[in-house]
Amino acid sequence: MAIIERPTPADTISLRMPVTPAQSMGIVRRPVTSTGWKSWVFTVDHKKIGIMYGVFAMFFFIVGGVEALLIRLQLAAPDGKILSADLYNQMFTMHATTMIFLFAMPMAAAFANYFLPLQLGARDVAFPRLNALGLWLLVAGGLILNSSWFLGGAADGGWFMYSPNSGPVFSPSNGVDFWTIGVQIAGFGSLVSSINLIVTILNMRAPGMTLMKMPVFCWMIMVVQFLLVFSLPVITVALVLLTFQRSFGATFFDVAQGADPLLWQHLFWIFGHPEVYVLILPAFGIISEVLPTFSRKPLFGYPFVVFSGASIGLVGFGVWSHHMFATGLGPISVAAFSIATMAIAIPTGVKIFNWTLTMWGGKIWYSTAMKFAIGLIVLFTIGGLSGVTHAVAPSDTQQTDTYYIVAHFHYVLVGGMVFGLFSGFYYWWPKVFGKMLNEKLGGWNFWLMVIGMNMTFGPMHILGLQGQPRRMYVWTEARAGEGFFNFGFWNRVASLGSFILAIGILIFLINVVHTARKGKPAPLDPWDARTLEWITTSPPKEHNFDRIPVVHHLDEFFHRKYQENTTTGEMVQIATGAQLVQAEEDNADAHIHLPSPSYWPIAIAVGVGTLGLGVVYGVPIMIVGVLIILGSAFGFVLEPSVADDIDYDPPMSGGQDTKELAPLG
Amino acid sequence: MAMWLFLGSECLLFGGLISTYMLYRGRVTQGPRPSQVFDIPFTSVSSFVLLMSSLTMVLAVTSAQRKDNHRTKLWLMVTASLGATFVGGQVYEFTAFYNEGLGFTTNLFSSSFYTLTGFHGVHVTVGVIMLLSLRGIISKDKDTGDRPEVVELIGLYWHFVDIVWIIIFTLVYLIPA
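As given, the protein sequences belong to chains A and B, one line each in that order.
Residues 1 to 665 (the working numbering) are what the first sequence spells out, left to right.
Residues 1 to 177 (the working numbering) are what the second sequence spells out, left to right.
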């Protein structure tokens, strides 16, 4: 487990004197510095790991966004010449893959890593080094995925990589190999981190925090991690089969050998549909924190929100075939999956109902975070409604592979997930960086994104119902139709909208730079928030809490600030957030020991990456990869979680230093 | 707990592989059929060896809980060698099949068969490596955690691999296609 508290015997003070480098694995000194690049690369601190997830995800958000803009430029005019057909295929494949695997999942992981321990009142996650391993595996996967652009062309089979399109015959470049390997490695990373987060939630909550006193964000993250644990192995099987087919000559999806390409579709969507909820539920969790804070009311029907989230997760495993209505599954399967899909709209509706009633009668503060949260409710509902039309199999058969589908999932993913994440940025930015994002720029950011997103994806409903297929790389004026339903007009609107959306996101980036340079220091409790992450300084100290909080209520922080007046029933403020933080500092625990940084997580990730490249480039590289993995795994196992005292330099300040064995710059 | 979650995830991994095999085992366009290559008495013996290793693993776990390092090391070694015997048997079996004309790419049955049993073999091999390392760690007294717990965790993994083999053996070898 992560946190080892041990009384520091008095004689360790004398031990500090000799600065002899002790050794890790008999080779090198453990990396114990707390500044500089080493403190990031080898860190096991969940906050640093969370920030790195965020930076990584933001980078790929921009990459994926540029890919999207290229797609829209190509379709802005008839007979687009910007991309060739082949490049267009690569572009939409990588746009989707990047946005899902390298932006959405890592960004959710960023929030989960950073805030889960803080909201639970823990000092770190259960397995800090595995946490680092998850991050570095993801980075390895992301690099491999995108290196294909420079090594003979990227994957071009669509993000679901249907066979036989993904086979060697129809996709001869190495792109798909890089894709399978990259997604596989990123998937291992998610698996590792999801196991870690579940154990953290179940074992490391602060004293008194029962599951039903846990913030909704933690609940949603837990549901997501369970979805990942049980869906990732299925995609692993699919990817392994595809890799064996492409690299070692097996025939799993080769129809000529009697294979059944539907096997891929089933395996993919058994993973792929839970994945959809993996993407959206963290955003639901975020706005379930934001809405009560800015409405100054507790979340309406907390148990309903929690259990509807859990039931979305559960039912989410039983609806995968609604992606395959057009393949001829037979009437009974179609009916069953159709009904299950409609059923999943119920818990989702319950949530929307709860959020709306949370705002009802509240004293609403229209901060940027709140605007994004409200934006999510509205836009996600639109996307949800078009989703219900897919549940109806006959209409779905008509809509399959048209822009109507594209419109649907962009409303739920951009309008739902991205808005939720942006809400989280504005809400938690002061917590993470100690500075307030500019609210005025935030307003521009929000409205440009709303307008841009509706202009881009709204018209796609019309285009899709008129029959414009997905993934076609040009349209021609002669066949564009006339009047209100003219393809050309709506395609231009969508392209224009995509640039407005991009400007909105650009303003966010400007806001970030502006805040970093000139932003106001944030007060300790800028939003009058409700949950435990605000009971410590901003940014939080390395050990998160000076004193592990004891929890008596849901929304513990709020209940420490406010008490009910027994006669009038009104909530009366008894303390400010800053006072509470001060109280914690005054009563700090002594002898807090955190796990020490480690080389091995990143070393294992390098090994796995090498092994992956070996699958594409030949067995010798694979062997090197396996050896690196084995060696670092032994290093990992044999390393104690806390470095020897002798690994640390003596404290600069001297004096009584019981918090941490002194980190030096 | 993390091990339980991991094993839950592994269930679905093998679930996927087994489904693939069940779908494809009858699809033989060329080369030998399953019934022509399987040597059930031989595989039964190696399955028995693997099952016995679960018993010795239990003995290792109980000795670890009694803090009897000597016995723990002994039983870990026995478990590892039984596991290694099983893997050896599998290698022998694969070679025999190959010589009878059943290569990895011969037909869908062979591809899915080798993938499924190969994956299981890799799991056993990883288990053997873990057991041997654990024995080494115990004798050098270098372990970083609670010793009985570590032995028990590896034991969990080992039993899981065994149970999966019972399922694979039944579905792949015993039930005719």
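In short, the hints are calculated from the structure, not lab data.
Here the structure is a predicted model, which means the values were calculated and not measured.
Beta carbons are placed, not taken as given, at the ideal position from N, Cα and C, and that holds for glycine.
A couple of the hints might just be wrong.
To be verified - From the structure, some residues in chain A lie toward chain B, with a derived Cβ separation under 7 Å:
id	residue
1	Phe230
2	Thr236
3	Val237
4	Val255
5	Asn354
6	Thr356
Claimed, not checked - Okay, the calculated bits of chain B under chain A, using three or more residues with CB under 8 Å as the criterion:
id	stretch
7	37–47
8	67–74
9	104–115
Which hints from the list above does the structure break, by number from lowest to highest?
Those not satisfied are hints 4, 5, 6, 7, 8.
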